[in-house]
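Protein chains: 4
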Amino acid sequence: MDIIEKYESAVRSYSRGFPVVFEKAKNYTLTDTDGNTYIDFFAGAGALNYGHNDDAMKAKVLEYIQGDNITHSLDMATVARQNFLKAFNEIILQPRNMEYKIMFPGPTGTNTVESALKLARKVTGRRTVVSFTNAFHGMTLGALGVTGNQFKRKGAGKSLGDVVFVPYDGLMGLKSDKGELDTLDYFEAMLNNGASGMGHPAAVIVEPVQGEGGINAASMAWLKRLDQICKAHDIRLIVDDVQAGCGRTGTFFSFEAAGIDPDFICLSKSIGGYGMPMAITLIKPEYDKFAPGEHNGTFRGNNPAFVAATAALETYWRDDTFAKGVREKGEFITKRLKEMAAKHPNVPSEVRGRGFMQGIALHVDGLADAVTEEAFKRGLIMETSGPADEVAKLLPPLTLDQQGLEKGLDIMEQALDAAVQAHADKIGKVA
Amino acid sequence: MDIIEKYESAVRSYSRGFPVVFEKAKNYTLTDTDGNTYIDFFAGAGALNYGHNDDAMKAKVLEYIQGDNITHSLDMATVARQNFLKAFNEIILQPRNMEYKIMFPGPTGTNTVESALKLARKVTGRRTVVSFTNAFHGMTLGALGVTGNQFKRKGAGKSLGDVVFVPYDGLMGLKSDKGELDTLDYFEAMLNNGASGMGHPAAVIVEPVQGEGGINAASMAWLKRLDQICKAHDIRLIVDDVQAGCGRTGTFFSFEAAGIDPDFICLSKSIGGYGMPMAITLIKPEYDKFAPGEHNGTFRGNNPAFVAATAALETYWRDDTFAKGVREKGEFITKRLKEMAAKHPNVPSEVRGRGFMQGIALHVDGLADAVTEEAFKRGLIMETSGPADEVAKLLPPLTLDQQGLEKGLDIMEQALDAAVQAHADKIGKVA
Amino acid sequence: MDIIEKYESAVRSYSRGFPVVFEKAKNYTLTDTDGNTYIDFFAGAGALNYGHNDDAMKAKVLEYIQGDNITHSLDMATVARQNFLKAFNEIILQPRNMEYKIMFPGPTGTNTVESALKLARKVTGRRTVVSFTNAFHGMTLGALGVTGNQFKRKGAGKSLGDVVFVPYDGLMGLKSDKGELDTLDYFEAMLNNGASGMGHPAAVIVEPVQGEGGINAASMAWLKRLDQICKAHDIRLIVDDVQAGCGRTGTFFSFEAAGIDPDFICLSKSIGGYGMPMAITLIKPEYDKFAPGEHNGTFRGNNPAFVAATAALETYWRDDTFAKGVREKGEFITKRLKEMAAKHPNVPSEVRGRGFMQGIALHVDGLADAVTEEAFKRGLIMETSGPADEVAKLLPPLTLDQQGLEKGLDIMEQALDAAVQAHADKIGKVA
Amino acid sequence: MDIIEKYESAVRSYSRGFPVVFEKAKNYTLTDTDGNTYIDFFAGAGALNYGHNDDAMKAKVLEYIQGDNITHSLDMATVARQNFLKAFNEIILQPRNMEYKIMFPGPTGTNTVESALKLARKVTGRRTVVSFTNAFHGMTLGALGVTGNQFKRKGAGKSLGDVVFVPYDGLMGLKSDKGELDTLDYFEAMLNNGASGMGHPAAVIVEPVQGEGGINAASMAWLKRLDQICKAHDIRLIVDDVQAGCGRTGTFFSFEAAGIDPDFICLSKSIGGYGMPMAITLIKPEYDKFAPGEHNGTFRGNNPAFVAATAALETYWRDDTFAKGVREKGEFITKRLKEMAAKHPNVPSEVRGRGFMQGIALHVDGLADAVTEEAFKRGLIMETSGPADEVAKLLPPLTLDQQGLEKGLDIMEQALDAAVQAHADKIGKVA
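So the sequence lines, in the order shown, correspond to chains W, A, X and E. Taking our numbering, the leading residue of the first sequence gets 33, the next gets one more, and so forth. Taking our numbering, the leading residue of the second sequence gets 33, the next gets one more, and so forth. Taking our numbering, the leading residue of the third sequence gets 33, the next gets one more, and so forth. Taking our numbering, the leading residue of the fourth sequence gets 33, the next gets one more, and so forth.
Excised from the complex, chain W in its bound form (with noise of 0.2 Å):
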């Protein structure tokens, strides 16, 4: 670690609350260089749904550098390349009855985003993009102009404009499939209103579950209803499923159930399958427009990733094995963590999410930093989120089997009651 203190700048952040040196990795384990090891709950941040270093997917991109295949090839076309486009509308697009061109913005979740916003800017010749409370969708200046944090946000230096924020779903814990509060009641009567100050917006982007902003998830009502005011109102929808796309909560798409039909949609992180940068963003035809070049970017060809991704497309999506295993786990996952919450009525708490993203968000202050620190002292590897880092969330890999799941879990369990152990004066307090 002394390497990394000396020489690497002070924006590092995971490496402060993971310090070791990590080494080996294989499925849903990590290994230090003191051969400590440790499970994942992490994956990369969610860029590995299929686990590190899965076998099938490594072979092919072992094979395809050890033959001097082409690497890197800019927007040139290649037979991975090729190969990728034709899984990917075979396996994903048209079982699913969807229609859309593939464009590779640059390989990262912040490239496909800020090439969605800029489609949808020109194809409406609109501004105002409107994005929800506890969004996030990148660091580059243009995805995050659509972000809600405000320590982000500020890291900018500058204004972010041509943006109106919007209440998510279950805004201030009220939540629209329990009848509570619809906040799209909020956005449509903004629509309607042609003195709100929010005008005709080209495009609404959103995350079906907000992943960075705390766990949240929109319901499917929701989610059909947003789709039906952005068809009324000419307003492209954009989805960022670059987290919790992939499979991650129990379908390839996080908003399948919803039926709904996005005019665009970003996918990043696991699109590569073993963790090597890629991205890409699905157009629906009739909105591409692009003049060629409009959006580049070099490294839109980084073949051995649309090796490995093709890989992963043909081993675990061809049928709906490997996503029915998720969503029952995920609902496995759902039940372990209500149990947790229930042991500590006197926290302040809920679970939050769906499938392989799911979280407790624990209302005490420094209380979800705190079970991740023990959770780490136990050898499990999970985060917070939440505007206030005050979600303790999970997203293991996909390929986690039962006994990795139960063990993780229970190191967790082991974590809350060390850390609300550890805060009993403040929870005393908050109870």
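Just so you know, not all the hints are guaranteed correct.
It does not matter which identical chain is used: a pair holds within one copy or between any two.
Claimed, not checked - With a cut-off of at most 20 Å between alpha-carbon atoms, the simulated SDA-like pairs for lysine to any residue come out as follows:
1) Lys316 x Ala264
2) Lys154 x Arg185
3) Lys56 x Leu94
4) Lys409 x Val52
Since the hints were made in silico from the structure, they are not lab data.
Got chain W sorted already, so can you dock chains A, X and E onto it with the hints?
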């Protein structure tokens, strides 16, 4: 190519100019699916300074992946990350008496630029960034804001504020090193005039050689004076060495001969050695003021790229042999380009650039594009640049041998001859 | 009217709705060149609270001009300026225990708003200003930025950033004073959520009664809570009392009953008494932080207006008699409007506003416009407001006597009857 | 003065430089409350081209007010408004073969500028406006956005985007009319370079003589070429003649000798004749595209100002006598200023301006301010301008007689002598 046309977005560009499917690649050659080989004078837009699939790096990457070493690690500490940090300091920074903290800002050029802009604004508390005519810094909104190209800027679909463009060295063909016009006189006059509208900038961002902007190379005296002006006015100097760095001009950084001392340096493209996405931002220690996680991103830990990057440093930069070869071959390129230009005295033209980043500006509409088309027909891959695509440019791998270089230049010469022939009617008018 | 049509820009508006040429005016009547007289329920859009050509002020103005006293003085000290400053302090501020510095920001409403926005941003070092749905603050870009009306906003031709709109009291017809919905719950939730996208605002700008926005009157409890929220979050509170101030609601400031304590207060329109351009910005001493000349303008010294303004204060505000009359007549107006509304039970409507700033919202397309047309035909000048021009509003001079008031209201009633008659087909559908 | 200090905001400026209370005024003299008289070489910052309290206008204004003619009329048709429209067309526009629609945009200079900027953006659908170094156009955010002065710009407290500043004629002391440097070469190069960062501007806004910016007068050839560039590139040309118009330079419009044909012309200050707030925007008929009310404002119908404005046109502009006198006296001013400058050869200085808008730039720190202080002590009111307040400027009423002019210039000469004396130590260093 059918698959590409059918499934990929209209934004694709290079697959239009080079309409074949590439499969294999080695050093400076590419092979398509029909077995045709091409000499590569484009080198992944400067991301492949060490050629395709370099054997030394390949061995290291394969060994790393084979051994189930960690692939994707966010910004956690890993062995591969540490090795890169150590090697970069030892091999690059220390011998040049440079002291910088290293930031991993996300694995693309636009991302390192965004991080430097944010940090310059943060440490100064100011907003305006000065950029130069013909600058190109990236496609996400922060980097696009300091990019001059109007076609790209319009893609933003919104205003890109807080930037002032000033003339780059050589504007309108007048060069400071020939005593013709020092564009920095203008910049300094604006800074010294409290009513110029410029205000007190946070930063200047500059490419020592502008690649996309038309292979414009600033003189060393101009760069030195720019650095002095920045220091005198407490303005942070950001050097974007994404394309011109990593040896392309014959030194590791493209500004070494100027003896300047930037506050931030942006590197990407060839820093990863093997064409895998990677970027770093070098930050003077006194400005290393990001809070942890203030700028982040998923793919800050692309470990196979770290492995290749380290191998590249070890292989090519332990001594000056490699760089010296680049400088010598660079002079040969200049000589050949000047001869080509001289062959067509009725074509208004000039030879531009430095080292392995050179080109001929051809001031006849469509002529440069015709050159690249003719070159491709003859088995040479090269591209145009400049605001009107008026420069036929060369970015060969630095690992190219003399034979390959001559073969490529011979083809280029034939391509130019053919293109001039085909544009004879226009050229008559121009001359 | 030929001259107007031939020479004046298409931007003219009121000369379209009232297509006669006005010549003479006295108190609440206007006379056109054909000798027709009109009752004025518009009062120069609230700039003529003391009626047209008030005799006391007229005498003072004539005497001032006759005596070659200085007319135009920029912001130099003059006798007339001093007299106004003294009178305003003595008659308005001191009796209300208010301590404010007085700024002359240029002689229009938009100018006082711009000055307050600038100063709020300066003293906080922050940028975002919170404004409300249906707000109207002016047409220059700073004031337009905090104006909700989309038709007006689009006129800017550029983005109007650094503003967040939140719902005004009574949004969607739900009122806080009836316990239906407190829109400030929403505002407070956004402030307390570090990822709401709102950040820490510099200021809130609010009209206690929204005139152009549709005669929406906030409850006193809502205003009080707004003030408290601002204080709790260190946000500057700007009250725009340009239209509702100077007695229009029955107290000099429209917010007096709320017991609030704004940091800045914007006054214009009737502050000049006689309809001559004038504006002031009241600034709490601790925020009086402009440098000399930091906001300036040529017409900050319109001395005839100062003379009339002083006379108005002397004549009408030495005791409560005048204001009491406004409050009493205001109740009469409410009563009459409610009766009118009740006469047409099949027209969805509501009576809005306070004092001499009231109206009927008529939720039938085009009906309110028809009312004003019918009123004009019958010799009554009144206007619509609201985002869809859906409110037939009254802004009579406060100096109107009971007879004039009743006569005007009688005409309005007839006009409403006639308009409802003409819209019978639509109303059938609505009811 | 106690009252001013006690009650008025710290933003006040001229009452600091001229710390007396003014009471009476006639033509070119002011009288304070102690009976001291002053020669006025400031003329309300150019709003009193016809002097203080002109008898002909005064009679008309008194008669108008006395007769209870309508004072405040928003933008309704009135007799006074019609008379002005007719007179302006007949006396000003038609004899010059100019065809413009007249807009009343609110009664201040900043308001006419805002209206022209809006309209230029609307009719082009573009955003960027080109302004010039040292430009001054007003204090509201739209006009401030095209103002160069950094102290004023910072007052906005937010970014002022969508503007590009280019060098005005005479930047760095080099003048196009002396063949030294044509700054429009730079502008044209930026327009013709698709990567200059400038894009396609909506408009250029220019003052033919920059008042606040330092009494910089563009050459007629430069203005003519600017007009041609705008036409060639389909850019709207806005002339801000707020200070230099209404005869100040010896013709009604300051650009008449250039033979240009602006799309929009902004007039305020002296257009109202008597110093009462008024402004108009002249709009070429083909660009008269505002929707009714798209830009509005309360004080668009200041009828006493219309009456005085009409009287001013009738009195002074029916023939060339008045203007000719201005031009002749202007030459006398130039002669005297040059003599004054020549008296102090060790003071780096230059005489600037045209007609009754001239000054001496004194390149010694604080010297110009000292001149105005010494002048005030001797009974002459004059001001400085320029980014560093380095120009001692004269803006006398155009109605000044030869005696008054000479008396004023004599005092100025004495003041300069005294100021130079007091700065002897600095001047030694400078020379």
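Hint-by-hint comparison with the structure:
1. For a Cα distance limit of 20 Å, the shortest separation of lysine 316 from alanine 264 inside one copy, 17 Å, qualifies, whereas the shortest one across copies, 40 Å, does not.
2. In this homomeric assembly, lysine 154 and arginine 185 come within 20 Å of each other (Cα to Cα) only across copies, at 12 Å, whereas the closest approach inside a single copy is 24 Å.
3. When the C-alpha separation of lysine 56 and leucine 94 is checked against a cutoff of 20 Å, the pair qualifies both within a copy, at 17 Å, and between copies, at 15 Å.
4. Taking the closest pair of Cα atoms, lysine 409 and valine 52 come within 20 Å of each other only inside a single copy of the chain (11 Å); across copies the shortest separation is 54 Å, beyond that limit.
Figure legend: structure checked against the earlier numbered hints; every hint is met.
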